Amino acid sequence: MKSKHTFIAAVEIGTSKITVFIGEYSGRELAIIGRGECPSHGIIKGSIVDFKKASDATQTALLQAQNEAGEDIDCVFLAQSGGHLEGFYNEASVNVKSADNMISQSDIRTVCELAKAKMLPEGRSVVHNIQRPFRVDGRLVPTSPEHLMGQRLEVGYWTVHGQKQRIADFIHIIGGGNLQVREVILSSLASGHMITTPEERQNGVLAIDIGAGTTDYVLYKDGVAHTTGVVAVGGAHLTNDLSLGLRLTNDKAEKLKLRFGRAVVQSKDKNDRVWLDGNFAIGDRQFSRQTIEQITSARMWELLEVVKKKLGNAFTPETCSAGVVLTGGSAKLPGITDCASTVFGVAAHLGEAPSWLADNLRDPGYQTALGLLYYSLSGKAGKASASAQTSGLLGKISRLFSNS
Amino acid sequence: MDLNELPLDASLSAERTTTIKIIGVGGAGSNAVDRLKMENLDRLQLACINTDSQALASSPVQEKLLIGKQITRGLGAGGDPEIGRDAAEADREKIAAAVKDTDLVFLLAGMGGGTGSGASPIVAEIAAESGALVIAFVSMPFSFEGGRRLKQAEEALRNLRQICDAVIALPNDVVLQEAAENETVLDSFARADHWVGRGVKSIWAILYKTGLINLDFSTLRQVFQHRGGKTLFGLGEGSGENAVNDAISSLKLCPLLHVPEFSRKADRLLVNIVGGTDLTLAKVNAIMSAVGEQFGRDANFVMGAVIDESRQGQVEICVIGTSDMGGRPVPARRIQPVKTKSQVSAPVAEAPFTEELIPQEEVPSQAIDKSAKPKSLKDKTAQHEFGFGELESRGNFERTDRNLFDGQDLDVPTYLRKGIKITL
Chain F
1 MKSKHTFIAA VEIGTSKITV FIGEYSGREL AIIGRGECPS HGIIKGSIVD FKKASDATQT
61 ALLQAQNEAG EDIDCVFLAQ SGGHLEGFYN EASVNVKSAD NMISQSDIRT VCELAKAKML
121 PEGRSVVHNI QRPFRVDGRL VPTSPEHLMG QRLEVGYWTV HGQKQRIADF IHIIGGGNLQ
181 VREVILSSLA SGHMITTPEE RQNGVLAIDI GAGTTDYVLY KDGVAHTTGV VAVGGAHLTN
241 DLSLGLRLTN DKAEKLKLRF GRAVVQSKDK NDRVWLDGNF AIGDRQFSRQ TIEQITSARM
301 WELLEVVKKK LGNAFTPETC SAGVVLTGGS AKLPGITDCA STVFGVAAHL GEAPSWLADN
361 LRDPGYQTAL GLLYYSLSGK AGKASASAQT SGLLGKISRL FSNS
Chain L
1 MDLNELPLDA SLSAERTTTI KIIGVGGAGS NAVDRLKMEN LDRLQLACIN TDSQALASSP
61 VQEKLLIGKQ ITRGLGAGGD PEIGRDAAEA DREKIAAAVK DTDLVFLLAG MGGGTGSGAS
121 PIVAEIAAES GALVIAFVSM PFSFEGGRRL KQAEEALRNL RQICDAVIAL PNDVVLQEAA
181 ENETVLDSFA RADHWVGRGV KSIWAILYKT GLINLDFSTL RQVFQHRGGK TLFGLGEGSG
241 ENAVNDAISS LKLCPLLHVP EFSRKADRLL VNIVGGTDLT LAKVNAIMSA VGEQFGRDAN
301 FVMGAVIDES RQGQVEICVI GTSDMGGRPV PARRIQPVKT KSQVSAPVAE APFTEELIPQ
361 EEVPSQAIDK SAKPKSLKDK TAQHEFGFGE LESRGNFERT DRNLFDGQDL DVPTYLRKGI
421 KITL
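These protein sequence lines map, in sequence, to chains F and L. Just so we're aligned: 362 in the working numbering is position 362 of the first sequence, and the numbers increase by one with no gaps anywhere. Just so we're aligned: 366 in the working numbering is position 366 of the second sequence, and the numbers increase by one with no gaps anywhere.
Source of the hints: derived by calculation from the structure; they are not laboratory data. As the structure is a computational prediction, the values presented were derived from the model and not from experiment. Treat the hints with caution; some may be incorrect.
What the hints assert, rightly or not - With a straight-line cut-off of 35 Å between C-alpha atoms, the simulated DSBU-like cross-links for lysine-lysine are:
(1) K268(F) to K52(F)
(2) K418(L) to K252(F)
(3) K270(F) to K252(L)
(4) K252(F) to K252(L)
(5) K151(L) to K310(F)
(6) K69(L) to K268(F)
(7) K421(L) to K255(F)
(8) K283(L) to K252(L)
(9) K283(L) to K209(L)
(10) K97(F) to K116(F)
(11) K418(L) to K221(F)
(12) K64(L) to K94(L)
(13) K151(L) to K118(F)
(14) K94(L) to K270(F)
(15) K252(L) to K332(F)
(16) K151(L) to K69(L)
(17) K268(F) to K421(L)
(18) K209(L) to K53(F)
(19) K164(F) to K151(L)
(20) K418(L) to K201(L)
(21) K310(F) to K118(F)
(22) K309(F) to K151(L)
(23) K421(L) to K270(F)
(24) K421(L) to K310(F)
(25) K421(L) to K252(F)
(26) K151(L) to K53(F)
(27) K17(F) to K255(F)
(28) K94(L) to K268(F)
Assemble the whole structure, with the sequences as input and the hints as a guide.
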């Protein structure tokens with residue numbers, strides 16, 4: 001039986017850390033059998049700046065995961081983020097050919113090809129074509145419109161494209177270890193799927209994954225991804241702001257951020273001061289708690305405002321009734337849900353990993369890599385049944401993993 | 001005969017003819033010069049260069065230069081650096097006459113507008129051609145002024161860095177940061193000019209005041225011999241019982257040093273201490289070791305200490321550092337025969353005090369350097385590939401692509417761009 005099993009690696013090369021999960025797919029179910037993690041080097045704001053260092057760190061994480069799994073990886077699903085990613089919307093429509101107005105397979109194919117045919121600027125390549133629901137004579141059709149009756153068939157795609165070279169950089173890193181990248185998947189889609197439920201996606205929900213170097217967001221409407229985007233600002237910017245504002249080294253600023261950073265200012269007392277190290281060592285300094293909160297909250301507020309501005313008309317509180325869901329390492333910043341609900345004017349909550357997931361995998365920082373595994377499944381299991389099956393499948397995963 | 005008893009007679013000081021000229025270019029530059037005029041520093045020559053005749057007319061400065069009259073009809077450059085540049089090009093002779101026979105030119109200008117951004121590189125060029133040492137103090141526009149002015153300002157800053165011996169950029173966002181809540185615009189700009197003024201005064205004091213440890217013009221020139229690099233500039237003040245400690249901590253918090261630790265290191269460092277007659281060598285020592293620890297790893301130190309009777313019980317520290325940018329060959333500046341004769345039979349204590357950083361400190365710092373940051377050398381060479389005309393407040397993201405959104409660079413701290421005042 002063993003020979004039939006495929007070993008899938010989900011790799012997220014992030015700005016702060018590289019996460020690898022290895023899943024064993026038996027044809028019926030998927031089990032996570034290995035995990036590898038390594039602090040990133042040579043990556044700033046989601047883009048590779050030092051290939052050698054980034055490559056070394058990735059190989060370390062891959063090796064660690066392979067050792068834990070005790071198996072070789074067959075194929076890799078890779079998360080893609082970075083400020084160079086952009087998206088646009090393009091739609092097309094066709095008149096239904098047949099005389100009896102029944103939509104045929106060929107009508108669907110034609111309209112899809114037309115809608116995807118938009119040329120890209122030089123040096124860019126497509127990462128994803130995300131299909132929005134079909135419309136037949138203006139009526140929304142959530143599934144395939146085949147055999148439906150209508151005059152006019154419309155479809156639109158949200159096309160995400162990025163700089164060819166930057167995407168190639170990521171693929172080369174994996175390729176350097178003699179592994180093959182099966183598919184490149186947008187980080188926002190991967191994590192967004194983990195932290196939202198099908199009901200939320202149907203009602204409209206905005207999932208924001210705030211990492212160290214980038215913030216990836218995806219807006220779901222009518223059950224599918226409507227708009228995605230990346231802002232090249234993340235937790236590292238909070239640290240940098242603190243280091244500049246308080247004139248500290250990066251490491252110390254990072255420590256302060258983790259201990260005292262907040263997304264909304266809470267401290268009202270100007271004279272409330274906190275120690276940098278708190279170990280009574282010489283050179284320890286005191287800082288105003290309010291100052292730290294001001295710096296971090298200004299950044300977080302602005303970051304969410306930028307996301308809102310980038311979404312533009314696509315986001316309205318009415319069409320996003322399930323609210324905002326936050327995840328990613330920087331979503332651990334206290335007060336972030338208050339900040340988000342004020343900015344967006346809808347309810348906000350932290351993304352909860354599905355309840356069946358093992359405790360050691362519930363960290364917001366893992367959701368992207370776990371989401372990649374989900375995607376690897378949906379590709380194999382067939383799109384229609386994927387959502388129905390996964391809860392059961394992944395249920396197995398967690399149990400297996402917590403035992404191992 | 002003891003050299004220390006040699007009288008500093010009139011004939012000796014009369015020969016010392018280092019001339020300093022402060023030139024304000026454009027509106028912001030002229031305003032700064034006007035404010036300096038009030039300070040009444042002797043032997044300091046002031047001049048204003050502008051394209052706007054109306055602004056010039058209201059200036060109390062004696063020497064005023066209207067440039068590009070044929071081009072702008074004396075109505076200003078209208079925020080276009082091209083016009084500013086053309087105006088300066090058209091009146092090269094006028095400018096050359098103004099900078100003739102000066103040893104040191106301080107250029108004050110506001111970047112982002114027309115005259116300041118366009119004309120000041122030309123003025124700097126003419127001054128440098130005539131053999132003067134050119135130090136520019138420029139202010140960078142507020143973030144709220146929008147992306148276009150920022151772009152113009154950065155372009156101009158890049159140009160200036162190629163020409164001037166030192167360029168000290170003062171982002172106006174920092175001024176905003178320092179401003180108290182109900183401070184008027186006038187006061188805020190006055191504060192910005194005050195910083196520039198203190199910098200100018202400190203260098204002025206180096207050259208003209210009696211030194212406990214004296215510096216002369218050629219030493220100053222030595223510090224600035226490489227062009228194109230970044231210049232760090234900081235001031236600290238203290239008074240009262242803990243004057244020295246206060247001055248050191250105020251220097252550490254100086255808003256002009258609003259850059260993260262790693263870029264605060266300089267290759268050559270000029271430290272000038274101004275104090276009253278109660279300034280002791282022990283205090284100088286305390287200051288120097290603190291400054292060395294903060295700014296220089298293997299820096300080439302030049303230090304000076306000046307006694308000013310009017311500043312009893314006070315200490316002011318001024319730090320100017322320059323760093324080379326990678327291995328880029330910078331054409332060595334032709335050294336003009338220095339006109340000062342102060343080196344002749346200078347008393348022992350007045351000898352230029354140039355020393356390597358205290359050796360026993362240097363060893364551990366290098367050792368740490370090698371183990372913890374083996375990339376530092378590589379970083380340095382990588383630095384110049386990206387150009388260095390940017391604002392210096394991007395910190396860790398300094399060497400990455402700009403992160404532009406709505407005309408603002410998101411890598412610059414939010415609180416700075418939005419003018420949120422923080423207390424330290």
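Checked hints:
{"no.": "1", "hint": "K268(F) to K52(F)", "result": "violated (47 Å)"}
{"no.": "2", "hint": "K418(L) to K252(F)", "result": "holds (24 Å)"}
{"no.": "3", "hint": "K270(F) to K252(L)", "result": "holds (21 Å)"}
{"no.": "4", "hint": "K252(F) to K252(L)", "result": "holds (16 Å)"}
{"no.": "5", "hint": "K151(L) to K310(F)", "result": "holds (23 Å)"}
{"no.": "6", "hint": "K69(L) to K268(F)", "result": "violated (56 Å)"}
{"no.": "7", "hint": "K421(L) to K255(F)", "result": "holds (22 Å)"}
{"no.": "8", "hint": "K283(L) to K252(L)", "result": "holds (17 Å)"}
{"no.": "9", "hint": "K283(L) to K209(L)", "result": "holds (19 Å)"}
{"no.": "10", "hint": "K97(F) to K116(F)", "result": "holds (20 Å)"}
{"no.": "11", "hint": "K418(L) to K221(F)", "result": "holds (33 Å)"}
{"no.": "12", "hint": "K64(L) to K94(L)", "result": "holds (11 Å)"}
{"no.": "13", "hint": "K151(L) to K118(F)", "result": "holds (33 Å)"}
{"no.": "14", "hint": "K94(L) to K270(F)", "result": "violated (55 Å)"}
{"no.": "15", "hint": "K252(L) to K332(F)", "result": "holds (32 Å)"}
{"no.": "16", "hint": "K151(L) to K69(L)", "result": "holds (26 Å)"}
{"no.": "17", "hint": "K268(F) to K421(L)", "result": "holds (15 Å)"}
{"no.": "18", "hint": "K209(L) to K53(F)", "result": "violated (53 Å)"}
{"no.": "19", "hint": "K164(F) to K151(L)", "result": "holds (27 Å)"}
{"no.": "20", "hint": "K418(L) to K201(L)", "result": "holds (32 Å)"}
{"no.": "21", "hint": "K310(F) to K118(F)", "result": "holds (21 Å)"}
{"no.": "22", "hint": "K309(F) to K151(L)", "result": "holds (23 Å)"}
{"no.": "23", "hint": "K421(L) to K270(F)", "result": "holds (12 Å)"}
{"no.": "24", "hint": "K421(L) to K310(F)", "result": "holds (27 Å)"}
{"no.": "25", "hint": "K421(L) to K252(F)", "result": "holds (22 Å)"}
{"no.": "26", "hint": "K151(L) to K53(F)", "result": "holds (33 Å)"}
{"no.": "27", "hint": "K17(F) to K255(F)", "result": "holds (17 Å)"}
{"no.": "28", "hint": "K94(L) to K268(F)", "result": "violated (58 Å)"}
Consistency with the previously given hints fails for numbers 1, 6, 14, 18 and 28, ordered from lowest to highest.
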